Amino acid sequence: MRERLLADLRAMWRIRMFEEKTTSLCQSGDIKGSVHLCSGQEAGPVGACGALADGDVVFATYRGHGWAIAKGAPLRAMFAELLGRATGVNGGRGGSAFLSAPEYGFLGENSIVGGGVPHAVGAALAGRHDGSGRLALTVFGDGAMNQGAVHEAMNFAAMADLPVLFVCENNRYSELTPIRDMVRNERLTDRATALGIPAYRIDGNSPAVIRDTVADLAEAAREGGGPAFVELTTQRLVGHYVGDVQQYRGRDELEEDMRAEPVARAVRELTEAGVPDADIAAAEAAVRAEVEEAAAAALADPPADPAGVREHIYG
Amino acid sequence: MAEQTVTVNYSGAVNAALRRCLTDVPETLLYGEDVARPGGVHGVTRGLWKDFGDRVFDTPISESAILGTAVGAAMMGRRPIVEIMWADFFLVALDQMVNQAANVRYVSGGRLTAPLVVRTQQGNSPGACAQHSQNLEAIFLHTPGLRVAMPSTPQDAYDIMVSAVYCDDPVIVIDNRTLYFGAKEPVVTGRPPAPAGGSRPRRTGDALTVVTWGAITHRVLEAADQLAGRSVPVTVIETPWLNPFDTAAVIDSVNRTGGKLAVVHEANATAGFGAEVVTRVAEAGALRGRPLRIAVPDARIPAAPQLAAALIPDSDRIAAELAGLARS
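Chains as they are written, first to last, in the numbering used here: chain Y, 75 to 389; chain E, 117 to 444.
Since the hints were derived computationally from the structure, they do not count as laboratory data. Bear in mind that the values here come from a model prediction, so they are computed numbers and not experimental data. Here a beta-carbon is modelled for each residue, glycine too, at the ideal position from N, C-alpha and C. Warning: the hint list may mix true and false statements.
What the hints assert, rightly or not - Facing chain Y, a subset of chain E residues (Cβ under 8 Å, in silico):
# : residue
1 : ARG171
2 : ALA181
3 : MET192
4 : ASP211
5 : ARG221
6 : TYR222
7 : LEU228
What the hints assert, rightly or not - Computed footprint of chain Y on chain E, listed as stretches where at least three residues anywhere in the stretch have a Cβ under 8 Å from a Cβ of chain Y:
# : region
8 : 117-124
9 : 340-352
As the list claims (entries may be wrong) - Across the chosen pairs, the derived CB separations fall in these ranges:
#  : chain 1 : residue 1 : chain 2 : residue 2 : range
10 : Y       : GLY270    : E       : ARG433    : 22 to 32 Å
11 : E       : ARG443    : Y       : LYS106    : 54 to 64 Å
12 : E       : THR139    : Y       : ARG275    : 28 to 38 Å
13 : Y       : ALA160    : E       : ASP322    : 17 to 27 Å
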């Protein structure tokens, strides 16, 4: 139990520290362009990816660094991608918001809100015909619940009984606007149940709860039960993008979120379980060293070579 | 598959090509609105669902889901063939072609591909409204990463569908529904799939070169035959593949027809692909004098047949304009 929680904390720290280092690399000017961080939302990828099997695939959004890392994408290649290096997971072609690591079953971020959701349904459809029976998980935010493609994809999966897990990370903000202001019915799970898809609203700050739920739903989906929908109640500790000053959010709310967020919570729980502070600190230092080393290596990697910029447009 | 000649109309040729691909390429799937049990709103896919089980199925009226699932399935190794019932309906789901399908190969550096085929049909037919009449090929030709073809004969309808299925890129094959139930013709089936691309010299003459594609090709050929009878022999090059486009054949022909070039398409003139063809020939230094674009003027398409006919070039108008260019 304690070992599991400590492992979850390490996995969440890898993501959190990746995002923190990314922020500093944005501020130093090494990373160019819009960057969307998942700080505060680490429990989702750590919990859900822990319940997936080899061969299962994940389709995420532009706030997807954590999902790529949880699926196993190497930190150095992730940093390198954001830095426009040849060694990036996409050789600099994807960038922060549109990267993929197919070797690890991470089929991509998507910088169009909801744009990747139908792809997951197609991946599950392919799995029905290629004998793999693969499960596809697609993760998106509360804002994507108001996208037509998401509803079309959910209904398609339901119609065809496909093994797709639709995971909605509800961080309460659709980019810069509260989701509650953009809907009349705040129960997002109702959208799924209306389509005949079983839907669950769960604690999005607990890797264990998420892992157990996803494991159960994945098993049911693999056995022919069709798709399921999970809403993770969570929070974004940072703005929509690096540099977003978040004038739309109150200080009290942020303080509350800092208490609820999964990394601080896991530290608290481990302390309460009797794990010595020194052990926790040692684990934190080890992850930080790993992240710093990966960033340093990526910074020293060669820039992407423009000589190949027109390759791979067609086969 | 053994080579065999069958006698079919355009619709039958597409059906035969789909049947062949579903038989020979186990990765194929065929789906879209009303394509399975109903056999398609124009009957093109009739009967296929009976022989290929759940690889041929009907979908909700959800173009984003049709195209988006095709992208995802193709990324995982399938070769989906999906139908967008009317090209106009593409516009509700353009994200999945322009932002999604076209980027798969490039952004992944070739580690992921999206070998899907989208079948659709477009153009005006008598009484069709403004949202069922547009010619939208230029939108897709403006999008690197996509392949586009517009056949006009049963043989090309067959060959191009087979080539599209074997192509490793996303391919949009655009039919014109007025062609579906034309005359039956001998169509050679079972030949090895040709690579995408190429053009079809349809008439030969030294007065000028006409480049055209899609259903209006038939009007251009009528016009060319009229002109031949008036001692104005023109070369007609049909380019059923628009991407890849056979630029070299066009330039070569223009060089052999005194630098005179006309392009004819049913799409609107402004930013139509004809403008691109003219530019490529001009850039090659092959153009002499003024080029000619014959196209639908920049108007919406009205439903009443006599109103639409006032906009869409017929063979008489095409012949008159070509004769003017030949004299210039």
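Hint check results:
For the restraint placing ARG171 of chain E at the interface with chain Y, the shortest Cβ-Cβ distance is roughly 7 Å, inside the 8 Å limit, so the hint holds. The interface hint given for ALA181 of chain E is met, as the beta carbon of that residue sits about 4 Å from the closest beta carbon of chain Y, less than 8 Å. Because the beta carbon of MET192 of chain E sits about 4 Å from the nearest beta carbon in chain Y, less than 8 Å, this interface hint is met. With its C-beta approaching chain Y no nearer than about 6 Å, ASP211 of chain E sits inside the 8 Å limit, and its interface hint holds.
Proximity of ARG221 of chain E to chain Y holds as hinted, the smallest CB-CB distance being about 5 Å (cut-off 8 Å). For TYR222 of chain E, the suggested interface contact is upheld, since its CB lies about 5 Å from the closest CB of chain Y, less than 8 Å. Residue-level restraint check for LEU228 of chain E holds (minimum Cβ-Cβ distance to chain Y is 5 Å; threshold 8 Å). Look at the region 117-124 of chain E against chain Y: 0 of its residues bring a Cβ nearer than 8 Å to a Cβ of that chain, fewer than three, so the hint is violated.
Only residues whose C-beta sits within less than 8 Å of a C-beta in chain Y count toward coverage, and the region 340-352 of chain E has 0 of them, not enough to reach three; the restraint is violated. Restraint check, GLY270 of chain Y to ARG433 of chain E: a C-beta distance of roughly 55 Å breaks the suggested window 22 to 32 Å. The hint said 54 to 64 Å for the Cβ distance between ARG443 of chain E and LYS106 of chain Y, and at roughly 57 Å that hint holds. Range check, THR139 of chain E to ARG275 of chain Y: Cβ separation about 47 Å, and the 28 to 38 Å hint is violated.
With their beta carbons about 53 Å apart, ALA160 of chain Y and ASP322 of chain E fall outside the hinted range of 17 to 27 Å.
Checked against the numbered hints above, the structure violates hints 8, 9, 10, 12, 13; every other hint is satisfied.
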